[in-house]
Structures are given as C-alpha cells and as structure tokens.
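Participant: Single-letter residue listing:
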Amino acid sequence: MTTDVHQLDDGAWISVNDERRINVSDLWLLARHEVCDCEIADFLVEGFAEVGVDHPDIQAKVAGRCIACGTEAVTDWITVGRVIDPESGEFSAVDVASVHVPDKRHRLARPE
Amino acid sequence: MPTKVENWKSEIYGSEIREHLMEFAEEGWDAIPEDEHDAWFERFKWWGLYHQRKGQESYFMMRIGTPNGVLKPGQLEVVAEIADEYARGPVDNPEFGGAYCDWTTRQSIQLHWIKIEDVPEIFEKLEANDLGTQQACGDSWRNIVGCPVAGKDKHEHIDAWPVAEELHERFKGNDDFSNLPRKWKVAVTGCDQGCGQGDINDLAYEPATKEIDGEEQLGFNIRVGGGLSRKEPRFSRSIDVWVPPEQAADIGAGMSALFREYGDREDRFNARIKFLMDEWGPEKMREVLQEEFVDFELETAGENMRESYTYNAGGEEHGDHVGVHEQPDGNYYVGLDVLVGRMGVDDVSELAELADEYGSGEVRLTQRQNIIVTDVESDRLDEFLDEPLLETYSPDPHPFMRGSIACTGTEFCSLSIVETKNRQVRYARWLKDNVELPDGVEDFHIHLSGCTASCAQPQIADISLRGMKTRKDGEPVEALDIGLGGGLGENPQFADWVEMRVPADEVPGYIENLLATFEDERAEGQTFREFVAERDEEELQALAEAEETDYEDPYMHNTKMTWYPYAEEDDMGDSPAPTNGDGDPIAPADD
Numbered sequence: 010m011t012t013d014v015h016q017l018d019d020g021a022w023i024s025v026n027d028e029r030r031i032n033v034s035d036l037w038l039l040a041r042h043e044v045c046d047c048e049i050a051d052f053l054v055e056g057f058a059e060v061g062v063d064h065p066d067i068q069a070k071v072a073g074r075c076i077a078c079g080t081e082a083v084t085d086w087i088t089v090g091r092v093i094d095p096e097s098g099e100f101s102a103v104d105v106a107s108v109h110v111p112d113k114r115h116r117l118a119r120p121e
Numbered sequence: 002m003p004t005k006v007e008n009w010k011s012e013i014y015g016s017e018i019r020e021h022l023m024e025f026a027e028e029g030w031d032a033i034p035e036d037e038h039d040a041w042f043e044r045f046k047w048w049g050l051y052h053q054r055k056g057q058e059s060y061f062m063m064r065i066g067t068p069n070g071v072l073k074p075g076q077l078e079v080v081a082e083i084a085d086e087y088a089r090g091p092v093d094n095p096e097f098g099g100a101y102c103d104w105t106t107r108q109s110i111q112l113h114w115i116k117i118e119d120v121p122e123i124f125e126k127l128e129a130n131d132l133g134t135q136q137a138c139g140d141s142w143r144n145i146v147g148c149p150v151a152g153k154d155k156h157e158h159i160d161a162w163p164v165a166e167e168l169h170e171r172f173k174g175n176d177d178f179s180n181l182p183r184k185w186k187v188a189v190t191g192c193d194q195g196c197g198q199g200d201i202n203d204l205a206y207e208p209a210t211k212e213i214d215g216e217e218q219l220g221f222n223i224r225v226g227g228g229l230s231r232k233e234p235r236f237s238r239s240i241d242v243w244v245p246p247e248q249a250a251d252i253g254a255g256m257s258a259l260f261r262e263y264g265d266r267e268d269r270f271n272a273r274i275k276f277l278m279d280e281w282g283p284e285k286m287r288e289v290l291q292e293e294f295v296d297f298e299l300e301t302a303g304e305n306m307r308e309s310y311t312y313n314a315g316g317e318e319h320g321d322h323v324g325v326h327e328q329p330d331g332n333y334y335v336g337l338d339v340l341v342g343r344m345g346v347d348d349v350s351e352l353a354e355l356a357d358e359y360g361s362g363e364v365r366l367t368q369r370q371n372i373i374v375t376d377v378e379s380d381r382l383d384e385f386l387d388e389p390l391l392e393t394y395s396p397d398p399h400p401f402m403r404g405s406i407a408c409t410g411t412e413f414c415s416l417s418i419v420e421t422k423n424r425q426v427r428y429a430r431w432l433k434d435n436v437e438l439p440d441g442v443e444d445f446h447i448h449l450s451g452c453t454a455s456c457a458q459p460q461i462a463d464i465s466l467r468g469m470k471t472r473k474d475g476e477p478v479e480a481l482d483i484g485l486g487g488g489l490g491e492n493p494q495f496a497d498w499v500e501m502r503v504p505a506d507e508v509p510g511y512i513e514n515l516l517a518t519f520e521d522e523r524a525e526g527q528t529f530r531e532f533v534a535e536r537d538e539e540e541l542q543a544l545a546e547a548e549e550t551d552y553e554d555p556y557m558h559n560t561k562m563t564w565y566p567y568a569e570e571d572d573m574g575d576s577p578a579p580t581n582g583d584g585d586p587i588a589p590a591d592d
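Those sequence lines, one after another, are chains A and B.
Here this note's numbering is used: the first residue of the first sequence is 10, the next is one more, and so on.
Here this note's numbering is used: the first residue of the second sequence is 2, the next is one more, and so on.
No lab work stands behind these hints, which were simulated from the structure alone.
Do not take every clue at face value.
List time: in silico BS3-like cross-link candidates among lysine-lysine, alpha-carbon distance up to 25 Å [as the list claims (entries may be wrong)]:
1) Lys73(B) - Lys173(B)
2) Lys211(B) - Lys70(A)
3) Lys70(A) - Lys55(B)
4) Lys70(A) - Lys173(B)
Chain B regions said to be covered by chain A (calculated; three or more residues, Cβ under 8 Å) [unchecked claim]:
5) 31-39
6) 78-86
7) 409-417
8) 452-466
Distance ranges between label pairs, derived from CB positions [unchecked claim]:
9) Gly29(B) - Ser97(A): 34 to 40 Å
10) Gly441(B) - Ala40(A): 40 to 46 Å
11) Glu28(A) - Gly584(B): 44 to 50 Å
12) Val105(A) - Gly174(B): 40 to 46 Å
13) Glu20(B) - Ala40(A): 48 to 54 Å
14) Glu82(B) - Cys78(A): 48 to 54 Å
15) Glu43(A) - Gly582(B): 39 to 45 Å
16) Gln542(B) - Glu43(A): 24 to 30 Å
17) Gly584(B) - Glu96(A): 33 to 39 Å
18) Glu43(A) - Asp131(B): 52 to 58 Å
Just so you know, even glycine gets a beta-carbon here, dropped at the ideal spot from N, CA and C.
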C-alpha cells in the first residue's frame, strides 16, 4: 500500500496513514545543521512546515527555535521515521531524544 | 497545487458533512474508516467539532457559536445541561471539576470530552433552542464578534446587534461562502470604545459618520486583514470604504467572495487574507472589491471614532464591561469576571437561574472571556449583587483576576506547547496575594497563549506570555516568552518580546520585579503601556529578572507527553482512549 503522510492543524503534528505520530512541543537535538551557530542545537519543535518522503524515510522541515541561543529557523529535511513494511505501511518513528541530522535530500509527499 | 486539506474539502465540505457525521454517530466511533480519520476530522470542524489531542482519541471539543456573544433567555441553561450530561471526561480537572464551559476570546462556547455518539442528541437540543455549532471552526465565516453589550450600551452610536444577526443569518450555511481558503473572522462594532477588537479581525466594521447628500449618516468604515497567528501579527487596515448598515452584509459578501477567489489555497500558512493584504495593499484590495465583487459604487471612508477608543487602550478604560453599568433603558448590565473564561457546570446552571430571576434571562459573553448578565432591574440590583455566586464571579475583581486570559493549552489542544488555564489560575491567585499594583493601575492584562496560534491574543496584553520550552538543571521544562506593552485603542500596539524562555515557575517572580521597577521609575500618572513604549529593547530587558519565589508550578514537566496532565496515571499508555459511546475503552484490533 502507499504510505499517506501529511501535517495537519497548522503543522501541529505529522500524520502517517491517518495516525498522529509526531507532535510539536518536544526538544530535538540537531547536529551538522544550519539552524544556528550552536554545535548541537537544542531545538524546540513548534510546527511542521513541510513533510516529504525519501523512501523509506519520512522527513519533515521543522519550524522552531534553538533554546540555547534563541535563533528561530526552519530546518532542512529531518528524518522523523521510517516505513518498515511497505506492504502494511507499518511506520516506526525515530526516538525524538536522539540526535537528528538535517539533510537537504528529499522528495515531496505529494508530487509538485 | 491545492493542499491535501483543499482536496478533502473539494470532495465533501460544508452542510453536506452533516449527514456523514450523523451516520458515523449512529454507528459509533469505530465506523469512521481508519484511513479516513484525518479527512473527516478536518471536515467535522465545519460543524464545530475539533478532535482532541494525541492520547484523547475519539473525544472532541465542541464549539458553539453565539453571534456577538449573545445567549438569549433560556440558552445558558441549555448549554449547562448539555455540558453536564455530555462534556464529562474520564478524569476531573483539579480546578474546575468534571464538567465545565469555556467562554472564548471570540465570544463562543467550548465544551470538551464530547463523544461522536452523543452528537445527534446534542445537536437536537441545541437547535431546538436556536443554538448551533455550524461553522464554529473550519474554513468559513466564523462566529461574528462585537461589542458584547450592543443594543444596551450608552456609548453606542449604531446598534450593531441587528447587523451581527444579519451577517450570521446570511452567511451561516450559505453554500457560496461555505468553502473559503481559510477561516474568516469578522467583527462588528457600533460603540465608540473599540471593544469589537476589529483591529485583529479579517474583516472589521467600525462606526463612522459620512456626509451623504448633504446629510450626516451613521454607518461603518471597513478594515481588512487583521490577525495574530503564527508570529505574523497584523492590524487590520482601512480600505477607504464606508457603508450604511443596510449594505453591511453586501460588503461582507463581496469581501469574503474576494477572499474565496484570491486567497491562497496552495499554502495554508499563507492563506489568511492578511497575507493577501501584505501582497496587494489596501488600494488594490478596494479596487478589486469594487470592480469584481460589488455592484454598487463604494463610498470613501467616513469620519471614524477611533480617537475615543478606550477599550484595552492602556489608560482610563472601562475594563471589558466587568462591573455594574446602567443601560439606556434604565436597567443595568452586570459584567462578571470569569478567571480564564472557565466555569464549572453547576455554577453555569446557577448563573442561568440568577439571570432569569433578576434580569431577562439573557447573558452575553465578552472577548475577554467574561460573562455579562443584562437587563437587571434597578430595584433588584443590590439583591443580585449580594448573591453568593458573585463572590466567585465578581463584578469588582482584583485587577490580576480580571486581566487574566488563557487559551485551552496542552490539556486538550494539539498545537499548544505548554499547560495554560490551570497555570494562569495559579498565577493570578499568587499575584493577587503577593504583588502590589502601582497606584492608579486598575486594569492590567496578562494573556497566556500556549503557542503561536495566539488564541489568548497575547500580543495585545500588557504582559504577553507565549508557550516555550527551556532546560532547567539540564531537564526540559515548560517555559514562556514574555512580551510587554501591547494593547488596542486608537493606536494599537503589539507587545515587544523582551524575555525569552523563562521557566514557567519563574514568571510570577519576573512580574513582581517588573512591577516594582515600574512603580519606582514611572513618570507621574504614566501608564504601563507608555512606560514600555518609551524604552528601547536594551532598557526593556534591564527592567527585571526572572526568579523563583514561593509560587509552585505543578506543570513544569512536559504536559504534552501525558494523555491528560491532571490524571494520576498520566502516561500515554494509561489513556483509556479511544472509547466507545459509553466511555469504555475500545481494545485495539489484533493484527
């Protein structure tokens, strides 16, 4: 089956196959990022600006702020989870407490 | 390319959603196909149902739209009965009990823990009493706001209540306007104090005089493009148009049709008309309105009354109608303070009885989350004021109680970063008990919004609080950004964000220190807003330090990670949701 991914409610959460999987309001650690000058950004997730797919990864551009230095930004693409089984659409979210590395590669969830 | 939400809307939207909603209600929560949840929940908003946040699946917030905040005689009792029977969750709120009503900043009513199975009975009861939820949320004409005492106010030049009613009648359930690119918020005011808050609405009607055929007439100037959300606050701007009251609805039709045709349906973050105003400017907005959306010649703007606006203007103001005020007919309206806009259901029921006994039975909701009992006869006024319920919902509250506004917060809302209502209750009580307000300061507004959606309208408060996170002793804790000096009036001003990421338990200490500095350094008679306005960013940051006090905050942990922040067992895994129509947990299907 295809995996249905989108952000809803003003980007408050990411839905994968019609189930709320990733929410705003957590702190994510970002490494090798362009958000700010902090080596590791301590980034409050305030909204999901875009969602996309880089098979099998589900990715998002995240709007928020580094709470260490105060810089507001929208990140490059961050992997937020992975479709484990394309047949069933089973999805596993990343551990938000891990260190995330934004990446520029992506494919949009919906074709342009 | 249209967004997913637009695609869902193009399939089914507006009035036709109702039959599907009723089918699902009849068959139960499980009948909503799992792979259609998001589409249906988006559509249900149009009928006033907003699916609660993660951990509370199968439960909805229900918003009842009461135009201009007017609840006609008997309607408050109906709302209390519905809340009592249908708006009870699995766990009580420690401040407000098991069932309660929220009065919102858009003069509407919100109930929580509504189950879809109960919707038909609720709709039947609401509609039998001339109440409804249609377009209370979703991409259409929302609840009309305005001066809450329209028709009963000595400051009034035009009775705006019939205009608000006409807009409500014409644009509710109207297929031509049922599917707009985004929400459409409208304010209508006929008084000269500015309490309709037109400056922060998509479309605003403000009282103005205009000479027509040698005769001075009363009507409305039109402003467009206000709104506070998403760190992109805008005040509405004049489009140099005046209309008489009888053309108010036609201008509304023209402006909302313009929005329907030209609003951005490809990016919901850019969809509100404030962004089209950014792009076009007021001259082009007027030009397109004239050429394409109205069939009469637009008059240029008339003489407005903004110079006399006192509402939330920072100086001598009337404090949002709280207190005892004489109506033009010799009766009185009594505005009661409802801390953070939430009342336990027994209190709502008792207030409905009191309104019936002492007044006409009518009550009105304000944009500062308070409630007004109207039409109290003068010879029964003192007796009414002696009622014990008015000790809790006072017509003469302490400024910290009267000035507090809070949004829904992480208790129920997906968007919020922090807990809000219960925290703001604790802030207000602590400030009242511990902090002296400088001489002469009788109104002091503190608005707490859980996120940038700005439902508590933080940018137009003396002290603006907005949900954030920070680390304290290495641990993530709930925090707030603090802004200063916002307000409305003739020259509205958004707050300056001064202190960022203050741990929530240090905010009361910050406010205490800030007000001490204000008292020490203010010029004689200077208002807080003036005090803030004359200082630059560096000076503002030097005004006060955040610090811990004996204030205790039980919500410092990540309340969003709980299924319900006040449950004894609050882990997501302990949630009973989703539940069936009886409130019993539905076991997950076997794979």
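Participant: Can you name, in rising order, the numbers of the hints this structure does not satisfy?
Facilitator: Of the numbered hints given earlier, those the structure breaks are 2, 4, 6, 9, 10, 11, 15, listed in rising order.
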